[in-house]
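Residue-level listing of the chains:
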Amino acid sequence: MLKIYYGDLEADNYIFNPDVFFNNSYEDEWITDQLSVQMIKDVDRSDVIGPKVIDSPFLGSIPVERLSGGVKTLILMNNDSEHIFNASACGDNCAKWILKIAEEKDLTIRLGYLMDFGKGDFEIEILNLGKTVHNGLELAEAVLDNHLI
Amino acid sequence: MVGKYDIEVYNNKAHYFLTVKRNITILQGDSASGKTELIVQHSVKTAYKYSKTKLNDYYKAPKVIEKIKHARCFHDYTYFTI
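Residue numbers (this note's numbering), protein chains in the order written: chain A, 1468 to 1616; chain B, -15 to 66.
Quick caveat, the hints were computed from the structure, so don't treat them as lab data. For each residue, glycine too, the CB sits at the ideal point set by N, CA and C. Be aware that one or more of the hints could be misleading.
[Said to hold, decoys possible] Negatives, chain B to chain A, calculated, CB over 12 Å:
#  : residue
1  : Met(-15)
2  : Tyr(-11)
3  : Asp(-10)
4  : Glu(-8)
5  : Val(-7)
6  : Thr3
7  : Val4
8  : Lys5
9  : Arg6
10 : Ile8
11 : Thr9
12 : Gly13
13 : Val24
14 : His26
15 : Ser27
[To be verified] Partner residues aside, some chain B positions facing chain A, computed with beta carbon under 8 Å:
#  : residue
16 : Gly(-13)
17 : Lys(-3)
18 : Asp14
19 : Ser15
20 : Ala16
21 : Ser17
22 : Thr20
Chain B on its own, in the form it takes in the complex (with noise of 0.2 Å):
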């Protein structure tokens, strides 16, 4: 991964702003301050980018699919309990 990354995740409850700088990000603290939440409303957020990508934007847009890509990982990687 090159550079750090923005994200933003919001719905009517809870409201999250972070800045991914590194490959793997550990998300630690607390039970109940909003780890899961956080995921929850990430990985709904990069399905709904996802289905409205069309595949046009692919080749405009490159950047954006590079950030779905990227969240993605992000998603699958801090899922797991140590």
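In isolation and in its complexed conformation, chain A is listed as follows (with noise of 0.2 Å):
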């Protein structure tokens, strides 16, 4: 299930730069793992060659650490669950994969904007609140109409 903390957090395990986080922790067969490489090729349009080398249709061969931070993120959310991790560094084109991760286990990501999830149902729990909503509509109030950003 997918928990979402809105605004500032304070934690010991929350990583605000995934970025970075990632350039200095990632392990080489979290790349080549085959939901990563489905990632990677739909948000960044890019190739896993092997796990040192990406083939961007846009940047040529670049090294992993030049992936985009969003597609970073969704890897450290499925390969690391020590960490709530700042979900405003993804864009909207990352929405269907972070539903897809927390569909395998619980997951909790920070958001500072109102993230599309799409116009299908799902089940979010705002941590804030303690609510769980069900849809883009009900989460969209609920994050609103409490001024949670």
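Work from the hints to combine the two standalone chains into their complex.
Right, dumping it as structure tokens:
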């Protein structure tokens, strides 16, 4: 299940800048993981050549460190359960992948903006309120009515 | 900041042209749409221009210096996520 904390978060295991954290902590097998390959293909439109090389249609052959901040954050969410990551590093095109990761495990993230999770149904717990919402409208109303961002 | 500034940065892979009108500019968009690449390219260009600026140029071309100062602000303020 996906749990989201909106606004400023004070916690020892909170990672404000997942991009830099990823560069200093990722492991090779995270990159070649099947879900990572799919996310890199969808979000960055790039192919994983190996654990150290990515083929980007825009930048050519690039190291893993030049992946987008969004896909780095997604890979961290999937592989590092010890930390809470700042999902504001992700654009709206990462939302479906966040929901997919949260289908497999409990995932807690922090958001500073109203991410668009699409028009479908989902289950998201808003930690600030201790409330569970089931679609985009409920989520937007809960966040905006309570001035969480 | 007075007026607006045209900023053009490019390398052999990507080319950006944008006009900045305000003191603080927010870049937003999907992941992998090129926000970070713009910032990285811009900071490289700024560093390059700054290193190329000789002392005399401070007096001969104050507008260039002003643009460099502004460019640094541009870089500092936009490199944070909300």
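To see whether the hints hold, each was checked on the structure:
no. : hint     : verdict
1   : Met(-15) : 25 Å, holds
2   : Tyr(-11) : 26 Å, holds
3   : Asp(-10) : 23 Å, holds
4   : Glu(-8)  : 18 Å, holds
5   : Val(-7)  : 15 Å, holds
6   : Thr3     : 23 Å, holds
7   : Val4     : 22 Å, holds
8   : Lys5     : 22 Å, holds
9   : Arg6     : 19 Å, holds
10  : Ile8     : 16 Å, holds
11  : Thr9     : 17 Å, holds
12  : Gly13    : 6 Å, violated
13  : Val24    : 9 Å, violated
14  : His26    : 16 Å, holds
15  : Ser27    : 15 Å, holds
16  : Gly(-13) : 30 Å, violated
17  : Lys(-3)  : 5 Å, holds
18  : Asp14    : 4 Å, holds
19  : Ser15    : 2 Å, holds
20  : Ala16    : 4 Å, holds
21  : Ser17    : 7 Å, holds
22  : Thr20    : 6 Å, holds
Violated hints for the displayed structure, listed by number in ascending order: 12, 13, 16.
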